[in-house]
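For chain A, the structure is supplied; the task is to place chain B on it using the hints.
Spelled out from the first residue to the last, the chains are:
Protein chains: 2
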Amino acid sequence: MDYKFSSKVLALKPNAIREILKSASDKDVISLSAGNPAPDAFPIRAIREISERILKETPVSVLQYGVSEGYAPFIAELKQFVKERYGAINYDDELIVVSGAQQVMDISAKTFLNEGDVIICESPSFVGSLNTFRSYNAELVGVPVEQDGMNMEMLEKALKKNKNAKMIYTIPNFQNPSGTTMSLQKRKQLYDLAQKYDVMIIEDNPYGDLRYFGESIPCIKSFDTDGRVIYSGSFSKVVAPGIRVGFMVANENAMKKMIICKQGQDVHTTMWSQMICYEFLKNYDFEAHVENLCGIYRKKASLCMELLDRYVVPTGITYRKIDGGLFIWCDMPKGHDMMSFCRELTKRKVCVVPGNAFLPQDGECNSFRINFSTPTDEQLIKGIEIMGDFAKEYFR
Amino acid sequence: MDYKFSSKVLALKPNAIREILKSASDKDVISLSAGNPAPDAFPIRAIREISERILKETPVSVLQYGVSEGYAPFIAELKQFVKERYGAINYDDELIVVSGAQQVMDISAKTFLNEGDVIICESPSFVGSLNTFRSYNAELVGVPVEQDGMNMEMLEKALKKNKNAKMIYTIPNFQNPSGTTMSLQKRKQLYDLAQKYDVMIIEDNPYGDLRYFGESIPCIKSFDTDGRVIYSGSFSKVVAPGIRVGFMVANENAMKKMIICKQGQDVHTTMWSQMICYEFLKNYDFEAHVENLCGIYRKKASLCMELLDRYVVPTGITYRKIDGGLFIWCDMPKGHDMMSFCRELTKRKVCVVPGNAFLPQDGECNSFRINFSTPTDEQLIKGIEIMGDFAKEYFR
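Chains as they are written, first to last, in my numbering: chain A, -8 to 387; chain B, -8 to 387.
Treat the hints with care, as some may be off.
Repeated chains share a single entry, so a pair holds when one copy, or any two copies, can fit it.
[To be verified] Think about it this way: if two alpha-carbon atoms lie no more than 25 Å apart in a straight line, the pair counts; the simulated DSS-like pairs of lysine-lysine are:
hint, residue 1, residue 2
1, LYS157, LYS4
2, LYS47, LYS273
3, LYS179, LYS(-5)
4, LYS154, LYS70
5, LYS383, LYS340
6, LYS187, LYS(-5)
7, LYS148, LYS(-5)
8, LYS151, LYS(-5)
9, LYS273, LYS154
10, LYS(-5), LYS157
11, LYS4, LYS151
12, LYS18, LYS148
13, LYS18, LYS70
14, LYS(-5), LYS247
15, LYS290, LYS70
16, LYS373, LYS187
Everything labelled a hint here was simulated from the structure, so no lab data went into it. Everything numeric in this text was worked out from a predicted model, so none of it was measured.
Same shape as in the complex, but just chain A (with noise of 0.2 Å):
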């Protein structure tokens, strides 16, 4: 048949970074365009030790139908955890568990977003969560990411103009794409110009756990006086991501449509999945873990931008410094085109991930990203070396 498709989803395309993650998976290919946690990452011995315990325990509870809100005991866990580590939880919010941080994203827009919406976004962004926002048919209007976050000028000008803008969506640590940090002065900016403009926030932090370098900033939702921040937060990056663990928090009243839509979704997130986050959290040494988790990504970070010092940054290339998360930005001396230069580094078997991938709105881009998790050493150390080399060539 002559499918009909609803407006929301016509112009939908599939993400663009999945056709260039496939070229990836050739097994020749040295891939600095995934964004997995590196393997060795992962705490596998407590998760087995704790499925064992629990499918022996209590296998009813992991196996029959929970509450959407999530498992109760998680729940009280996590309200403490995100209380003591983040300041992330008012007295008139509410905390629900989701089946990883995506869920926030489309939950938040089908409860505020119409068609037609404006959701500001940083430029560029999280290409998963544009996407989400484009499934409901919302219109993407773009702020440019600088070192330090936002341009707090240009986000009060989108404000000013789009008068049906009803969000604004920010990953203020360690952005994905760009590598950046906002700092405290503009997550106060920016919470003010929400204020003034009466739109909601999305915090976006699923990285904020993995600071390599100096000192961690106060999340937005800490200072958030009236309900207008909806806090993300995720096990991918500290736990595992195929267990499928986030959570979420917001004011009671705006958390009671989230809850119903979450229902609607998936009725409620796997009961495995949360009572290994929950036993993890509460019986093993998450700080310990964590750092640990830290230690080796902070010695593959200083690698990645060691090497680009040695072998790429002398070619004309740029790149922004990180404190931490798992990205690198990269930007083209200008002149250059960008995305020939990836499809040319890709036929020699690295494959990174073109900028414009995560571009809100339609636009020039003259950047790609770099991951150094999912990469083992070696294969960074080759990887970038091919990448000097063959700019070296490309610019000549």
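Just chain B now, with coordinates in the frame of chain A:
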């Protein structure tokens, strides 16, 4: 702040059943209101064995990101399974794994329904699906369910009247809540009408394997020549609901959009859950497990109907005989208020679900739903005795 919710979610209210289930969580209450599979029906030993093995042998596959379509070996296995078991997949169909069949309803509604579009539903029908359709601001139009399925004259009338009808939603086997099964003739009629009025069909089949009496009937998808049917399958009733695994079969062109929607919701379904189902299908005797399940439920269903015949039918309440599934639908004698009956019964510590919770549109309802899979035999006996005694007193 003063929330401006999207028009989609503005009228959403929490699921009425959930409120009733709250009183059912009182330990003294005999709950005939749940929809949970019997805990002794879970293949606990197999799940424990599989879990231990996969976490030992391939922990990284269990914990790392997967693809949105699902775990590739599981998809291959499922395609075979669906083909052999139900004939519910054609050459130009695709199959993807979802996080419970609920997600099929969400994704299908999102992909095919604009706000205000009509989806025709059985009346009564599964409230979880109805609420999902409502969450996209679709208009629900109900068509009465008879002992052999939807009333076909009224279905055609509804299709004729509602020019913006886009889909028909049906649970042909052991429908929740009415317990009825659609005849083969009506399945064919329904498909013909869908062709005639050019609408899609969502065929929801979570209970199809739970047949205790009589012969199974071909699913509607099996005679879908023009990619009109979205088939939804679930492992909640035949493996376990807490793992959140279902699957969806649809024409490849429709599926492309639906995969993007799935991706935007939860990236992919929990890997552990997928691998448990995969290994269970592949390496265990699924057929014997289902037979065992049906043995447990056949006894419970027979007991429940016997008890109703003995204690409840003599009071004037009637019920519809079932061939499978988990639910029995009871009709009050004319002139009595069902809601007040259910409320009073709850005070006597027996909990059923008032039938109006299952109506697609506001209206009168004189029925209530009983579940027999969750209570123990002792609870069933006691609960239905109490119901009979109370009904005798109430109708006097």
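To see whether the hints hold, each was checked on the structure:
{"no.": "1", "hint": "LYS157 to LYS4", "in the structure": "both (24 Å within a copy, 23 Å between copies)"}
{"no.": "2", "hint": "LYS47 to LYS273", "in the structure": "both (19 Å within a copy, 23 Å between copies)"}
{"no.": "3", "hint": "LYS179 to LYS(-5)", "in the structure": "between (45 Å within a copy, 23 Å between copies)"}
{"no.": "4", "hint": "LYS154 to LYS70", "in the structure": "neither (35 Å within a copy, 49 Å between copies)"}
{"no.": "5", "hint": "LYS383 to LYS340", "in the structure": "within (17 Å within a copy, 80 Å between copies)"}
{"no.": "6", "hint": "LYS187 to LYS(-5)", "in the structure": "between (41 Å within a copy, 16 Å between copies)"}
{"no.": "7", "hint": "LYS148 to LYS(-5)", "in the structure": "between (37 Å within a copy, 22 Å between copies)"}
{"no.": "8", "hint": "LYS151 to LYS(-5)", "in the structure": "between (36 Å within a copy, 18 Å between copies)"}
{"no.": "9", "hint": "LYS273 to LYS154", "in the structure": "neither (46 Å within a copy, 56 Å between copies)"}
{"no.": "10", "hint": "LYS(-5) to LYS157", "in the structure": "between (28 Å within a copy, 9 Å between copies)"}
{"no.": "11", "hint": "LYS4 to LYS151", "in the structure": "neither (30 Å within a copy, 34 Å between copies)"}
{"no.": "12", "hint": "LYS18 to LYS148", "in the structure": "neither (47 Å within a copy, 58 Å between copies)"}
{"no.": "13", "hint": "LYS18 to LYS70", "in the structure": "neither (43 Å within a copy, 27 Å between copies)"}
{"no.": "14", "hint": "LYS(-5) to LYS247", "in the structure": "between (32 Å within a copy, 14 Å between copies)"}
{"no.": "15", "hint": "LYS290 to LYS70", "in the structure": "neither (32 Å within a copy, 44 Å between copies)"}
{"no.": "16", "hint": "LYS373 to LYS187", "in the structure": "neither (50 Å within a copy, 62 Å between copies)"}
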